[in-house]
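Asker: Starting from the known structure of chain G, arrange chains W, F, S and C on it as the hints suggest.
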Amino acid sequence: MAEFIDLVLLAMLALTALRIIFLKDLFAVVMLFGIYSFLSALIFLNLDAVDVAFTEASVGAGISTVLMLVTLAITGRKEKQSTHSSLLPLFVVLVTGAALIYGTLDMPPFGHPDNPVHQHVAPRYIEESPKEVGLPNMVTSVLASYRGFDTLGETVVVFSAVIGVLSLLGVRRKKKKDLESGLESHRVLHVVAKIIIPLVILFALYVQFHGDFGPGGGFQAGVIAAAAFILYALILGLPKAFAVVGPRFLQWMAAAGVLLYASVGLYSMYMGGHFLDYNQLATDPVAGQHYGIIIIELGVGVTVFAVMLNIFYAFGSQAERSNVQ
Amino acid sequence: MNLWQALEPAQLITLSICVPFVGALLVIATGKVPNLREAVTLITAAILLSLVLAITDYTFLGTTLELDVVELFPGLGISFNVEPLGVLFALVASFLWIVTSIYAIGYMRGHNEINQTRFFCCFALSISSVMGICFSGNLLTLFIFYEVLTLSTYPLVTHAGNDAAKQGGRIYLGILLSTSIAFLLFAILGTYALTGTLDFRAGGIFDDSHNKVVLSVLLVLFCYGVGKAAIMPFHRWLPAAMVAPTPVSALLHAVAVVKAGVFSILKIIIYIFGIEGLKDLVTTDVMLYIGAATIVLSSCIAMTKDNLKARLAYSTVSQLSYIVVGALLASSIASAGAALHIATHAVGKITLFFCAGAIMVASHKKNISDMAGLGRKMPITFAAFAIGAISIIGLPPMAGTWSKWYLAIGALETDKFIIVAVLMVSSLLNIAYLLPIPIKAFFSKPAEGAEPWRWSQTKEAPLPILVALTVTSGCCLAMFFYLQPLVDLVNLIPGVSTK
Amino acid sequence: MDFLDIVSSILLLAGVFFGFSGAVGLFRFPDFFTRIHAASVTDSIAAILIIGALLLQTSFDLNTAKLVFILLFLMVTSPTASHALAKSARHGGLLTLAETRPQDKQGSAK
Amino acid sequence: MLEQHLAVLPIILPLIAAPLALILGRSIFSWGFATLVSGLAFLLSWQLLAAALSDGVLSYAVGGWAPPWGIELRVDAANAFVLLAVTAISTLVLVYSKHSIEKEVKAANHSLFYTAHLLCLAGLSGILITGDAFNLFVFLEISSLATYTLVSLASDRRCLTAAFRYLVMGTIGATFILIGVGLLYMKTGTLNMLDLAERIDLYDSSRTINTGLAFIMVGVSIKLALFPLHMWLPPAYTHAPSAVTAFLASTATKVAVYVMIRFIFTVFGIDHVFVDMGMGLILMALAVVAIFKCSYMATVQSNVKTVLAYSSVAQIGYLVLGLSLVSVSGLMASMIHIFNHALMKGALFMAVGAVFYRVGSVDIKDFAGLGRKMPLTMAAFTIAGLSIIGVPLTVGFVSKWYLVIAALEQDQWLVAALVLVGSLFAVIYIGRIIEAAYFQKLPESRSSENIKEVSWLMLVPMWVLVIANIYFGIDTSLTTEAANSASEWLFQTNSMLENKVMEGEVLEGHAIEEKAQEVSS
Amino acid sequence: MSFILDYYNYWVVVFLMMAGFYIVISANNLVKKIVGLNIFQTSVFMLYISMGKVSGGTAPIVVEGVTQYSNPLPHVLILTAIVVGVATTAVGLALIVRIKRAYGTVEENEFDNKDDVI
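Chains as they are written, first to last, in my numbering: chain G, 1 to 325; chain W, 1 to 499; chain F, 1 to 110; chain S, 1 to 521; chain C, 1 to 118.
Chain G extracted, bound-state conformation (with noise of 0.2 angstroms):
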């Protein structure tokens, strides 16, 4: 059953992505990216990547889909005929390609239990984390503690789009009055998004201290608690949203989230342990790990959450200055 539902979300993903190929209306190919990564999330899904999925679909579908659409705004949506010729892209593509297919030969077949993944370094993070992490969702323990710094690594990637972008775009604070934002006639917009706004926020909560257990963790949280924002930011205007959390702090909380990362990597190794050994936290090693993996998701959280949003109101500025020209 598994596999034929993976089999209709492949053919359903092929179709999205050849017809993304040949559409020249921009907003119809980013609302078809969208479809793509939702699908692509089902897929994760279907094979058992759950975290996975929830990521996909809160990024792919959620963040980066709105992101495009902004630029969209400002850019225009219809794409012009190339003149070069398409002969040696198509070229690159097919070599690439066979490549690939040639690769595919000698590969372990899917799902197989046997297969070299499953054997290898796999096994002890599935028989031994609940004993020596105490988390019973392996795949957050494996992302907070055994590849921690991978997952430090990541957060200071977020950070790093966040200069990049602000460097590009900056955001620009307004005075209330300068224009109208935000779409003061939805009378039922606003009430609707004030009564959920709190619960978004309450889910991403959830999702952040409900992690260890369950899919989520920091960045899920992050997001959505960003999109929560985003949302209100949509409704009310950015000056309103701006007068909420400004972008000035959150360039202060996306720092402050990567430094209470690293700050419990130095404090491990100030108690003698290596860069990011949570065992050195607490006297007990798996209370340690629960403490550590606590607070690096919290880390990772705060980031995300500022970095989504700052992004979002650099993007959101430009376009709603494109708006007023």
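No lab work stands behind these hints: they were computed from the structure.
A hint or two may mislead.
A few chain S residues facing chain C, derived, Cβ under 7 angstroms [unchecked claim]:
#1 Leu-43
#2 Trp-46
#3 Asp-156
#4 Arg-157
#5 Ala-163
#6 Val-168
#7 Thr-175
#8 Leu-178
#9 Ile-179
#10 Met-186
#11 Gln-410
#12 Trp-413
Idealized CB from N, CA, C, for every residue including glycine.
Answerer: What follows is chains W, F, S and C alone, placed relative to chain G:
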């Protein structure tokens, strides 16, 4: 003769390289006061000569002077090793530097040249690197100073700063750097890869175990890699460099730079290949005949040039190949001739260039056709010119006779009759393109249409110039009679003898 | 197969039917406003029916609560989204099919 | 304490400093702080190199998890050596950048600039030190994102398209690496490089592994701008702010070369890459074409930064050529050139940046007469230029020497000759600039402008590099020793791994599961 | 047949990757290039997740009575990679916005200067 006995002998090498270098710095420092600057140049030159004389002393005494300065690569670095051939060259260069400095002072002031400080500074730098080449103990050191010489003379070539000078400078730098990097460095690296050493050793560093074909290729690479030797077809830089002020042409492009080239070839042949080892190589003969062709062809080209300096430049190209040919004949006596030719040609050719400069300063004439009758206005200059020309041709009683003599004997010894013929023909060509100049100057009337008012004002060049050219022409004469010290020096070179 | 399963299946089938008809409508209807009508069929009635069917499949534990929350969330958001879309379209000057059709043509079409 | 954590500190120091630099906010504070941190990182990497030279290898298990379960940091002579060059250049560039950035980047972005610089430094250090294939990808992306930002900070609008092109190419490259690492993981089940190396040898002729190798190679080649995948580099280097160009040109591509070395020598093994896959010939051919094509391109450009950018691509050809020779001396030549080229290009781009600072343009025609107006800058340019040409007593000569000797050792006489002939192009493109600076008159239109020497804050780092160019050209003992032990080390590990497999002894991980025992007890 | 069953997933994923790759290198519009990059990367993520799947396994969250879990490691890697992807996308889009402001176009063939073509 030895003023420096208090010093460690090996330190003389350091000093002889550092003194001109320090001199260059002092020239910059005193650039604002021309008199002081020129004094610095002269004093530096005098100190250098005394140093070289002291080194010569030690060489005759048989003291080995060696110095390892710094190790660039494991087991290989900048090191110096004094040997007779280098001493000979160093003597020539340092002695002529004094003379040229005197001359340059007169010339640069007489000609109102710009950028005189840069000029004297680079001049001293080039001498410093020439000393480095003279005393180099291995190929790497030789190569390094060779490159420094190229770079430090580049500003001298482009001295005028106009388009012609820049064009000349481009050709100069282009050919010299390209050949040295593409061929010489490659040959050096190849040698290193083959033998694991680059030291100059008596009898050469190659032995029978090395592939003769590879060695033959290396020989060609070395000959062309030393672009300063101006073997055809890589001779274009030398005429191009004539855009430089005349003292530069005189010292560097008749003595220091070009002689550094042929000296390098001579040194490589004697100490890397070994004169004996050369005999087995296929390309020895090839290069020999290319050298011979260069002698004849460039003499022919010289005939067609009306510009005096251009004619002298092609004459230099031709004379340089004498030395190359002498080295490639692979006989001890021809090598001796080649070594001596470094000295004898130097004094002869520098005299000729001094005269050309004197004529330029005094009458602003560059072309030979305009010089008819000038001899009466500038008798000393043209007399010196005649002496220099005779020396170059190789007629007694001038210095050039001896070196050509040994070369010819060497050619006969090795049964290379073509070379003998080439030497003869070349001498005839030399007569044809050099002697008419003083003859016309003395015995012809000025051409029609010459500017009379200017003509009447023309007189001999300033005193420093006259002093310089008198000294060098005197040397041409003197070296015919008192060559023995130099011959003794040459005989000290391993594998080389005048007998 | 007990009673709950049968009810659940019926609800599911009904949900699928509405979902499908909504999709068909989205493709076949002539203009924006009619299409949004079709689309909202999918995310209102179809979603409710399907989630309702799933509710019956659970054993009334945490999953039931989650499904109820999802249902509530959908019931709040999807009408709002449809409303916002339609209103924006109206705001932006998009006319309905009836308004775009000239009066005389309307008469002759009959 | 310090010794124990020496391996991780050069990464986390700039990593933690980056957000702090952002918080500091004011341009001058961020600058001072970033410079200080970079200087500290330099000192640390000096220590690290000393430790690596004496102890051989430092392994550090992040989080206390033994490899291959946790992420391992591995420092040996090779990466400590490259790290030393990277941190040194970073520090000098930061000192230099204060004035340069004030001119070229708008004031609001200054602290962002220093933050991005620190992030880039952290990323590069991470790439060098990490012993985990996926961790490498993460750090690669940190440095890349920071780099795109840095490139796009210039005031000229063309920097935007350049940065975008770089972003697209860079992301494709990173994704290729990701695919390659995925294929390796699929076949071996591990991500630790040493562990990978041991397990890859079990599948010598596996098509999946070979494809993974190909993808990693292509991905890394994009990152290091190996011809013909170099198209992103010239515009990016031309239009980025001068300080950024100076930093990137002397570090980013070098680090990518190191990644290539690491994958070839410690992950796949020489036999696999060069004997079974025949990569050596491909790399050598591409390198030679790169040397000639891009050197030629450098001679026909009018913008000096573009000239130097093409020259960089050509120099990358030398780097790749060295490692394609598959010998200790060839690898050593590459390692030395990594260091030396950083010195030369850093100095050259700093000098060009100084000219931009005063003149506002870096066209060759705008260099006319600068030899008199900016004597120190142009002298620095000249010396570094001679170094690129490979004139003796400069580092360029040392690099070339070792490269040619290495080629000759392998009886590649043609390659050796081509290397030397290729370097003649440098005579032309450097010569054009020097000639303009010294032997052309300042144009009339400029004589009224107040063009003078730049401040000491820009001159000092420039001249430090110039003096290093000469110093390491004369006293080669440090570079030679480090490069030699680095390359010998790489070869040793390689042969060690191969022997192990030949003896049929496959290690289950290479460390005892200390952690597991600790927890269970 | 089992051959196809074993590999169909990889082949479709390869096709998807190449579709994304093709969009990146052939698209004329910069936004579309970014969309292509995202598709390319998302498809690579599928490759990773596919290799982590164990037939009959469940999501790697400890549940009483389950012994067969899918491999958590690829999931972790891809979580990181997704974040990296969105970071790149954000910077890329920001660049596009600036390019639009500076040049007035985001179409590759409309840049005046040949050097600016991406």
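Asker: Could you run down the list of hints and mark each one as holding or not?
Answerer: Tested hints:
{"no.": "1", "hint": "Leu-43", "verdict": "violated (31 angstroms)"}
{"no.": "2", "hint": "Trp-46", "verdict": "violated (31 angstroms)"}
{"no.": "3", "hint": "Asp-156", "verdict": "violated (9 angstroms)"}
{"no.": "4", "hint": "Arg-157", "verdict": "holds (4 angstroms)"}
{"no.": "5", "hint": "Ala-163", "verdict": "holds (6 angstroms)"}
{"no.": "6", "hint": "Val-168", "verdict": "holds (6 angstroms)"}
{"no.": "7", "hint": "Thr-175", "verdict": "holds (6 angstroms)"}
{"no.": "8", "hint": "Leu-178", "verdict": "holds (6 angstroms)"}
{"no.": "9", "hint": "Ile-179", "verdict": "holds (6 angstroms)"}
{"no.": "10", "hint": "Met-186", "verdict": "holds (5 angstroms)"}
{"no.": "11", "hint": "Gln-410", "verdict": "violated (37 angstroms)"}
{"no.": "12", "hint": "Trp-413", "verdict": "violated (39 angstroms)"}
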